[in-house]
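Could you build the full structure based on these sequences and the hints that come with them?
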Amino acid sequence: MDSIRLVIVAVGGQGNLLASAVLGEAALLSGVEVKMSEIHGMAQRGGVVESAVVFGPARSTIISDGEADVLMGFEPSETLRALKKCSPDTVVITNLAPLPPFTVTIGRGKYPELETLQELIRKKCARLISFDAVALAKASGNVLGVNIVLLGALIRTGLIPIPPESLKAAIENRTKKAFLESNLKAFELGYGAADGIAAAG
Amino acid sequence: MHKLRMGRAGDRVLMLGNEAIARGGLEAGIGLGSTYPGTPSSEISANFFQLAQETGLYFQYSTNEKVALEVAAAAANSGVRSMCIMKHVGMNVAADALMTLAYVGVKAGLVIISADDPYMFSSQNEQDNRYYGKLSGLPILEPSTVSEAKQMVIDAFELSEQLNEPVILRTTTRINHSNGIVELGDIVSAEPKGDFKKDPFNYVTVPAVSRKLHVRLLENIERATALSEKSPHNRITGTGPLGLITNGVSDTYVCDAVSDLNLSDRTRILRIGFSHPMPEKRIKEFLKGCEKVLVVEEGEPYMEEAVKAFAQEAQLTLPILGKGKGLFSRLYELDPKTVRTVMANSFDIPYRPKATVDTSDVPEIPARPPTLCAGCSHRATFYAVNKATEGMDTICPTDIGCYTLGFLPPLSVGDFLICMGSSVGTGCGFSATTDKKVISFIGDSTFFHAGLNGLVNAVFNNHNLTLVILDNGTTAMTGHQPNPGVDMEALDLAGYGRVSIEKVVQAVGVEHVSVIYPYKVKKSISVIKEALAYPGVSVVISREDCVLFAKGAKKKKTRAFTIGSSCKNRRDCISDLGCPAFFIEGDRVRIDPVLCTGCAVCAQVCPENAIRPVKEA
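These protein sequences, in sequence, are chains F and A.
Everything in the first sequence is counted per the working numbering, starting at 1 for the first residue and increasing by one.
Everything in the second sequence is counted per the working numbering, starting at 202 for the first residue and increasing by one.
Since the hints were derived computationally from the structure, they do not count as laboratory data.
We treat Cβ as the ideally placed atom computed from N, Cα and C, and that holds for glycine.
Mixed in with the good hints, there may be bad ones.
Per label pair, the in silico range of CB-to-CB distance [what the hints assert, rightly or not]:
(1) A/Arg412 / F/Gly13: 49 to 59 angstroms
(2) F/Val143 / A/Gly753: 13 to 23 angstroms
(3) A/Gly211 / F/Pro163: 36 to 46 angstroms
Taking lysine-lysine and the BS3-like style, the derived pairs with C-alpha atoms no more than 25 angstroms apart in a straight line are [what the hints assert, rightly or not]:
(4) F/Lys177 / F/Lys138
(5) F/Lys168 / A/Lys204
(6) A/Lys398 / A/Lys431
(7) F/Lys176 / A/Lys752
(8) F/Lys124 / A/Lys555
(9) A/Lys555 / A/Lys588
(10) A/Lys588 / F/Lys110
(11) A/Lys588 / A/Lys730
(12) F/Lys176 / A/Lys308
(13) A/Lys398 / A/Lys335
(14) A/Lys555 / F/Lys123
(15) A/Lys485 / A/Lys538
(16) A/Lys509 / A/Lys308
(17) A/Lys308 / A/Lys588
(18) A/Lys398 / A/Lys413
(19) A/Lys526 / A/Lys588
(20) A/Lys524 / A/Lys335
(21) A/Lys752 / F/Lys138
(22) F/Lys84 / A/Lys555
(23) A/Lys638 / A/Lys526
(24) A/Lys493 / A/Lys482
(25) A/Lys538 / F/Lys84
(26) F/Lys177 / A/Lys204
(27) A/Lys493 / A/Lys526
(28) A/Lys538 / F/Lys124
(29) A/Lys308 / A/Lys413
(30) F/Lys177 / A/Lys493
(31) A/Lys730 / A/Lys769
Far from chain F, by Cβ distances over 12 angstroms, these chain A residues were calculated [to be verified]:
(32) Ala275
(33) Asn293
(34) Ala298
(35) Ile355
(36) Leu364
(37) His415
(38) Glu420
(39) Asp452
(40) Leu464
The following block contains the structure:
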């Protein structure tokens with residue numbers, strides 16, 4: 001297989017690193033080679049957390065600008081900030097619920113309009129799958145399930161060489177038992193969300 | 202059972218680089234681990250700290266890297282396999298011990314982990330610690346992947362015992378914080394007790410002894426060179442005329458580029474994993490088979506300079522490219538595309554990189570710098586200092602920890618920082634050479650690490666200096682490790698002492714010592730004013746638990762605050778305090794009840810008394 005490169009961006013506390021760990025575990029269960037890197041020095045202090053997941057034979061654990069096959073953003077302005085990781089062939093998945101950075105509150109910057117943001121990404125990349133993942137997480141019974149909702153959408157694209165069953169098994173192995181039911185629901189809701197958007201073209 | 206003890210030999214497990222290194226330590230049967238925490242190395246020692254609570258392993262958080270290395274040096278000379286873990290700049294602190302420990306050597310294996318941080322994801326510089334190999338004469342091993350990192354820990358112990366010298370295992374952030382699939386080996390049970398045999402004429406480094414020991418060290422470097430020549434960690438792949446010399450993660454980028462550019466028939470790659478001493482004969486032989494060589498390494502041209510010198514000795518005139526020709530930068534990290542592009546250009550291979558999307562018309566996205574947490578006590582302290590110094594001309598040297606973030610607006614406290622403990626030492630210098638009031642800031646752990654000496658200096662030299670010690674009861678920045686001021690019993694950990702910051706400060710002769718509880722805003726401001734008015738050295742200990750740690754330990758019941766109708770939208774809360782729990786809705790300030798920790802500092806800052814606790818449901 002060719003290597004598939006996934007960049008995940010999030011704000012500290014959104015569960016990006018757990019999402020990567022679940023994906024890694026799912027790859028291991030599916031017999032797919034996987035490598036990941038993460039930058040989380042100040043994750044707990046509201047900064048940006050970026051991880052790279054490389055599936056397949058490539059040895060590098062990081063992804064250069066323009067070389068992501070998929071960009072998955074947990075926060076819309078962070079998705080836009082990470083656009084340099086994309087080429088015109090990249091598929092972008094983003095949550096649409098904003099977490100404005102504190103600089104906006106103290107008047108040092110303006111949060112981008114969500115419509116403009118989506119138009120820009122649609123124009124530049126192969127495909128955009130965007131939806132309110134927080135609403136779906138709430139519907140799953142756990143507002144913190146945004147990461148799992150997005151994993152559902154990611155698997156639905158079929159771009160990652162992992163079947164839904166392996167991902168569900170990884171959710172069982174890697175997430176807390178108390179949240180298992182809501183996490184599996186979150187996965188289904190995210191999977192369905194990407195389904196609807198894919199059908200609408 | 203700890204997750205790193207689970208699994209059998211042959212199991213394939215997805216692991217973080219730092220977990221793989223810790224597992225390597227278990228498979229090497231280490232009896233002692235010591236460290237001062239520092240990113241990107243911290244998870245190695247965090248795992249050992251947990252493992253020591255359920256196995257025979259002895260582990261300690263030492264007060265700084267020099268002490269940690271001294272602890273490990275004594276253990277290894279008592280026959281106990283030891284590992285000492287630090288970030289790259291920690292090696293500077295440990296360097297005094299390192300340089301002469303190389304003369305003395307070890308009896309059992311000692312492996313020093315140096316976790317370098319190219320690009321400075323969480324460091325004040327990006328120094329290349331391979332030069333510590335040259336400086337000290339000690340061997341260096343460098344892994345290229347996570348799975349190799351585990352194996353190299355085990356091999357480093359073997360090497361250390363073959364040479365009777367400490368071995369440095371140098372990683373970079375992209376090893377420490379990458380995940381890869383690792384094949385487990387068997388764990389060897391730890392033996393934390395040994396015996397020290399007196400031998401003062403080989404251990405006590407008076408000049409006459411050291412003159413003899415330096416001869417021994419040079420002989421050991423010769424032996425190490427012979428081992429480097431044969432080491433499987435210095436490996437050659439391919440037989441083509443285009444040579445590539447690589448190390449660390451750069452090797453993975455080169456291997457990917459060879460495959461992407463379809464060059465495997467035309468290249469030969471020398472991966473240097475045993476990088477001090479360099480395998481001179483091996484490199485000369487390698488060069489003889491090449492028409493052209495590209496050296497691919499992050500950081501300084503450490504290998505490139507050596508390779509050029511070897512080529513000169515072998516009278517080889519082939520082009521040797523790298524940083525010298527400006528193809529690769531000495532700044533930051535390498536990445537797969539940069540390496541692929543430089544390889545294609547250097548070897549005249551047609552290659553067009555994939556187009557990156559044009560982001561020139563993307564509107565400016567507001568920055569998201571890391572900030573002090575909602576309810577962080579440091580914010581309250583900085584606010585109180587700002588109020589206490591209104592109208593004063595001050596210089597505020599700061600130090601390394603979460604509180605460094607206080608230099609950002611709106612608090613803007615922090616004027617100078619170079620290294621651990623520098624707030625106090627540079628504070629002495631500013632007070633000696635300016636007439637401004639100097640207020641230095643240091644955290645509890647950093648104070649014990651390297652601030653204490655500076656404070657003694659300030660007292661002895663009678664500087665006009667106020668030192669604010671931000672005591673939040675933990676080493677917060679690196680993930681809440683303990684330090685000598687921490688009450689370990691409260692964490693259910695027996696067998697520890699506790700050092701009182703007040704008593705230490707008083708004992709070194711500071712005449713004006715006060716303690717504030719920064720959530721009490723008015724009182725804190727008045728106590729700080731008194732300390733600032735004292736001519737000489739004064740210390741203010743600002744004491745409040747790290748809110749993030751307290752939250753994790755569920756120590757605190759919190760009640761969020763809310764902004765009521767008496768708010769006149771003056772926004773002092775935002776312009777003077779800037780807690781991230783505030784957000785703007787329409788044109789009004791609101792408090793996020795999930796983020797709010799109930800510290801009540803904003804309620805004391807609000808001129809309208811508009812901020813009140815949320816009523817219980």
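Quick rundown of the hints versus the structure:
1. A hinted range of 49 to 59 angstroms holds for the C-beta pair A/Arg412 and F/Gly13, which are about 58 angstroms apart.
2. F/Val143 and A/Gly753 have their C-beta atoms about 19 angstroms apart, which keeps the hinted 13 to 23 angstroms range intact.
3. Distance hint check: the CB atoms of A/Gly211 and F/Pro163 are about 26 angstroms apart, inconsistent with the given range 36 to 46 angstroms.
4. Our distance criterion of 25 angstroms between C-alpha atoms is met by F/Lys177 and F/Lys138, whose separation comes to about 18 angstroms.
5. Our distance criterion of 25 angstroms between C-alpha atoms is met by F/Lys168 and A/Lys204, whose separation comes to about 21 angstroms.
6. Only pairs whose Cα atoms come within 25 angstroms are accepted, and A/Lys398 paired with A/Lys431 is rejected, the gap being roughly 33 angstroms.
7. A hinted pair counts as satisfied when its Cα atoms are at most 25 angstroms apart, and F/Lys176 with A/Lys752 qualifies at roughly 19 angstroms.
8. Taken as a hint, the F/Lys124 and A/Lys555 pair is honoured in the structure, with Cα atoms around 14 angstroms apart against an allowance of 25 angstroms.
9. The suggested pairing of A/Lys555 with A/Lys588 is violated, with an alpha-carbon distance near 54 angstroms, which exceeds 25 angstroms.
10. Distance check on the hinted pair: A/Lys588 and F/Lys110 sit about 29 angstroms apart at the alpha-carbon level, beyond 25 angstroms; violated.
11. About 9 angstroms separates the Cα atoms of A/Lys588 and A/Lys730, which keeps this hinted pair within 25 angstroms; it holds.
12. Taking the CA atoms of F/Lys176 and A/Lys308, the gap is about 45 angstroms. The hint is violated against a cut of 25 angstroms.
13. Annotation: proposed proximity of A/Lys398 to A/Lys335 is violated, straight-line Cα distance about 30 angstroms (limit 25 angstroms).
14. Note on A/Lys555 and F/Lys123: the hinted pairing holds, with a Cα-Cα distance of about 17 angstroms set against a maximum of 25 angstroms.
15. At roughly 29 angstroms between alpha-carbon atoms, A/Lys485 and A/Lys538 are farther apart than 25 angstroms, so this suggested pair is violated.
16. About 36 angstroms separates the Cα atoms of A/Lys509 and A/Lys308, which puts this hinted pair outside 25 angstroms; it is violated.
17. Proposed proximity of A/Lys308 and A/Lys588 is contradicted: the alpha carbons are some 57 angstroms apart, above 25 angstroms.
18. For the proposed pair A/Lys398 and A/Lys413, the alpha carbon gap of about 19 angstroms is at most 25 angstroms, so the pair holds.
19. Among the hinted pairs, A/Lys526 with A/Lys588 is inconsistent with the structure: their alpha-carbon atoms are about 54 angstroms apart, more than 25 angstroms.
20. Distance hint between A/Lys524 and A/Lys335 is fulfilled; the C-alpha atoms sit about 20 angstroms from each other, no more than 25 angstroms.
21. Between A/Lys752 and F/Lys138 the CA atoms are separated by roughly 23 angstroms; this keeps the pair inside 25 angstroms, and the hint holds.
22. A distance of roughly 12 angstroms separates the Cα atoms of F/Lys84 and A/Lys555; the hinted pair therefore holds under the 25 angstroms criterion.
23. A C-alpha spacing of about 49 angstroms is found between A/Lys638 and A/Lys526, which places the hinted pair above 25 angstroms, so the restraint is violated.
24. Distance check on the hinted pair: A/Lys493 and A/Lys482 sit about 18 angstroms apart at the alpha-carbon level, within 25 angstroms; holds.
25. For the proposed pair A/Lys538 and F/Lys84, the alpha carbon gap of about 13 angstroms is at most 25 angstroms, so the pair holds.
26. A threshold of 25 angstroms between alpha carbons decides the hint, and for F/Lys177 with A/Lys204 the separation of about 17 angstroms falls inside it, so the pair holds.
27. Restraint check: the Cα-Cα separation between A/Lys493 and A/Lys526 comes to about 13 angstroms, which is no more than 25 angstroms; the hinted pair holds.
28. Between A/Lys538 and F/Lys124 the alpha-carbon distance is near 20 angstroms, which keeps this suggested pair within the 25 angstroms criterion.
29. As the CA atoms of A/Lys308 and A/Lys413 are separated by approximately 18 angstroms, the hinted pair is consistent with the 25 angstroms bound.
30. The straight-line distance between the Cα atoms of F/Lys177 and A/Lys493 is roughly 58 angstroms, outside the 25 angstroms bound, and the hint therefore fails.
31. At roughly 29 angstroms between alpha-carbon atoms, A/Lys730 and A/Lys769 are farther apart than 25 angstroms, so this suggested pair is violated.
32. Remark: the non-interface label on A/Ala275 is consistent with the geometry, its nearest Cβ contact in chain F lying 32 angstroms away (cut-off 12 angstroms).
33. Once the 12 angstroms rule is applied to beta carbons, A/Asn293 is consistent with being away from chain F; the minimum gap is 20 angstroms.
34. Every C-beta of chain F lies more than 12 angstroms from that of A/Ala298, the closest at about 27 angstroms, which supports listing it as non-interface.
35. Interface exclusion of A/Ile355 from chain F stands, the closest Cβ pair being 21 angstroms apart, more than 12 angstroms.
36. With a least CB separation of 30 angstroms from chain F, A/Leu364 remains clear of the 12 angstroms interface cut-off, as annotated.
37. Non-interface call for A/His415 relative to chain F: holds, since the shortest CB-CB distance, roughly 40 angstroms, exceeds 12 angstroms.
38. Consistency note on A/Glu420: stated as away from chain F, and its beta-carbon is indeed over 12 angstroms from all of that chain's, at 38 angstroms minimum.
39. Non-interface call for A/Asp452 relative to chain F: violated, since the shortest CB-CB distance, roughly 8 angstroms, does not exceed 12 angstroms.
40. For A/Leu464, the requirement that its beta carbon stay farther than 12 angstroms from each beta carbon of chain F is met, with the minimum near 15 angstroms.
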